[in-house]
Amino acid sequence: MDNIAIEVNRLRKSFGSLTAVKGIDLQIRDGELFSLLGPNGAGKTTTINMLCCLLRPTGGTATIMGYDIVHHPQRIKEFIGVCPQETAVSERLNCYENLALAGKAHDMDKAVLKQRSDELLEIMGLTERSKEQVKRFSGGMKRRLNLIIALVHDPPILFLDEPTLGLDPQSRRAVWDYIASLKGQKTILLTTHYMEEADALSDRLAIIDEGQIVAQGSPAELKATLWDRKTMVITTEGLSAAALDALRREYPSMKVADEVVELSAPSLDLKEIVDCLHSRGVAVRSAFVKEPTLEDVFISITGKELRD
Amino acid sequence: MKFKELASRNLKEVYRDKVALGFLMGMPLAFILIFGWAFGGEMSPASIGVVQQDKSPEATAFVEVLSYVEANPPEGMPPFDLIAYGSEEAALKDLKLGKLTAFVIVPEGFGEAVEKGATVPLTLLYDENDPMAAPRAVPVVREVAVSFLGVKIPLALESRGTMVEVENEFMNFFVPGMTVFGLMILVPTMVRVMAQDKERGFLSRLLTFPFRPLDFILGYSLPFIPIIALQVAIYTGVGVLMGLRIIGNFGIAFLLFILIGLCCVGIAMIIASLVKSEAQGEPACWVFLVPLAMLSGAWFSIEMMPPILIDIVNVLPFIHALDASRQVITTGAAFTDILPHFYWLVGWAIALFAIGALVFRRSMRA
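Top line first, the protein sequences correspond to chains Z and L. Taking the numbering used here, the leading residue of the first sequence gets 1, the next gets one more, and so forth. Taking the numbering used here, the leading residue of the second sequence gets 1, the next gets one more, and so forth.
Since the hints were derived computationally from the structure, they do not count as laboratory data. There may be inaccurate statements among the hints.
In silico DSS-like pairs for lysine-lysine, Cα to Cα no more than 25 angstroms straight-line [said to hold, decoys possible]:
| id | chain 1 | residue 1 | chain 2 | residue 2 |
| --- | --- | --- | --- | --- |
| 1 | L | 2 | Z | 131 |
| 2 | L | 12 | Z | 142 |
| 3 | L | 276 | Z | 131 |
| 4 | Z | 142 | L | 55 |
| 5 | L | 116 | Z | 135 |
| 6 | Z | 114 | L | 93 |
| 7 | Z | 131 | L | 4 |
| 8 | Z | 230 | Z | 183 |
| 9 | Z | 255 | Z | 271 |
| 10 | Z | 230 | Z | 186 |
| 11 | L | 116 | L | 99 |
| 12 | Z | 230 | Z | 142 |
| 13 | Z | 110 | Z | 131 |
| 14 | L | 18 | Z | 114 |
| 15 | Z | 230 | Z | 271 |
| 16 | L | 93 | Z | 142 |
| 17 | Z | 135 | L | 55 |
| 18 | Z | 110 | Z | 223 |
| 19 | L | 2 | L | 12 |
| 20 | Z | 186 | Z | 114 |
| 21 | Z | 131 | L | 12 |
| 22 | Z | 110 | L | 2 |
| 23 | L | 12 | Z | 135 |
| 24 | L | 276 | Z | 114 |
| 25 | Z | 230 | Z | 255 |
| 26 | Z | 110 | L | 4 |
| 27 | Z | 110 | L | 12 |
In this text the structure is predicted, and so the values were computed from the model without any measurement.
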């Protein structure tokens, strides 16, 4: 059996009468990239803050590399890297100075720190502006620096709390690529409310809603739970009320946007649907079957949509 | 020793924030310059003391004439205020504190000399460093003596310059006050740095680093010690250019300013621990600072306040820093002379710093 890097048992956190995390259980293996996927306010950040020793749990236990988060926070802080949701950089310092603070806090050798800083700045495309005060950076550049501060001391465990929040698509892709390159080398706990991010990066993930884990597994395993549900997207021309009525009788959960119809059912017969539309004078321009997404999984479990 | 990294970061944050640094250094400096120019050269009426050592009717009559001339100055005589003293020591003390321009001693044997028509002895003590003291005081005493005696008879007016004193009373009152006020402005600056770090999640990030609580406390407070030293140097340096005269050991005054600066660091740690954002921090600071500044003695003499307020002021550390530094700077008071103030300040600095560290540490715990 693989080594367990992060183990969480019935972890709970309350703030007064509000219970943000309601007794969650997780086991994250060494070198695994595990995501917590859920809408805003689901309890993802509270969970990660407890695991980073920033919040004391109200109940339950958690260990990081065998160290208890309540009893050995100082030891844990030596081998974790945390990228918080906020852009937590020192604005009047330059990139090297920001990285030096993190590196020296972790007792890094000066030469190693310089080499590592150079590498990470190059990967994240910050080398050219690395000696400027961070306050002059764009939001995306600050976010990238925010991430590499967590990485500079080369920690074996990484907590990445919404690392791509607010990034432009190009920067997001660059961050995804880098995170993907770390898979297998580091144990990563990633929180996100972007289902594509969780789908693309995770070895396994847990879907969290209202402080509880509602599903857990690999992206493929979770999507496979919807094997009995197919979705077909049909683009039409001349869509009429009569045609819609006919389709709705067969497919009550049908969605319509302009001339595009989305039908979901355990089985879908394309010929039957096309005939139904043609007989009512509606032309079919295109049709394809859509694979289930993690959002579909979330909706099927919670009855709600993931809100961006 | 990891606090050094954090201290270095915080020092850079403050020094690179030109606006905040300008406010921190510039506001009290602007006050010194503006008020120094406005009031530094003002000639107030001379304060002349009188010590009546001879109890003869002639000596009493002489003092009464002085009082009459004070109330009805003859044409051409500069106005003066007359203050009676019971002893030469008391008058000398006030002269050294700059409260007197000069004082005249009516010695024993004065009445007898007048009666015999002999040379009348009078002693006038004034500040030899004040070029205006002798010209203002000597004519008054000579004129009164002549008026009193009616004729110009031999008058032995022994004029003795004494060791000190205040060249520019206003600046010697105002500059130590503004220095203490400038150090109080350190509070919002420090609170802003800490509150920003809290609000932007930077403090949370630091809490995921293997720093210990002492690293945080030292890392956030130590950078302000060189800033305190720089503030004191700038304020007093400009004060000297504007007419402040430092008579005593400036090292003692500097130590007193450092102590009050540490008190301010403690106050800042307490406020920063209680607020959650920069928006909360700024008003919270001024809620504390405005009353404290008014009660500090920096802006005006506390003698103008009602007794209950004076009692409160005397409990607070600021007036002790001010009184002691003014005594050292203005009268050359020795360290032993200001020891009660010094102990009071040390006590406050330790208490505020300890409470600040404790509250700050508690605020870091979830």
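> Out of the numbered hints, which ones does the structure contradict?
Replying inline: The structure breaks hints 3, 4, 5, 6, 8, 10, 11, 12, 14, 16, 17, 18 and 24; every other hint is satisfied.
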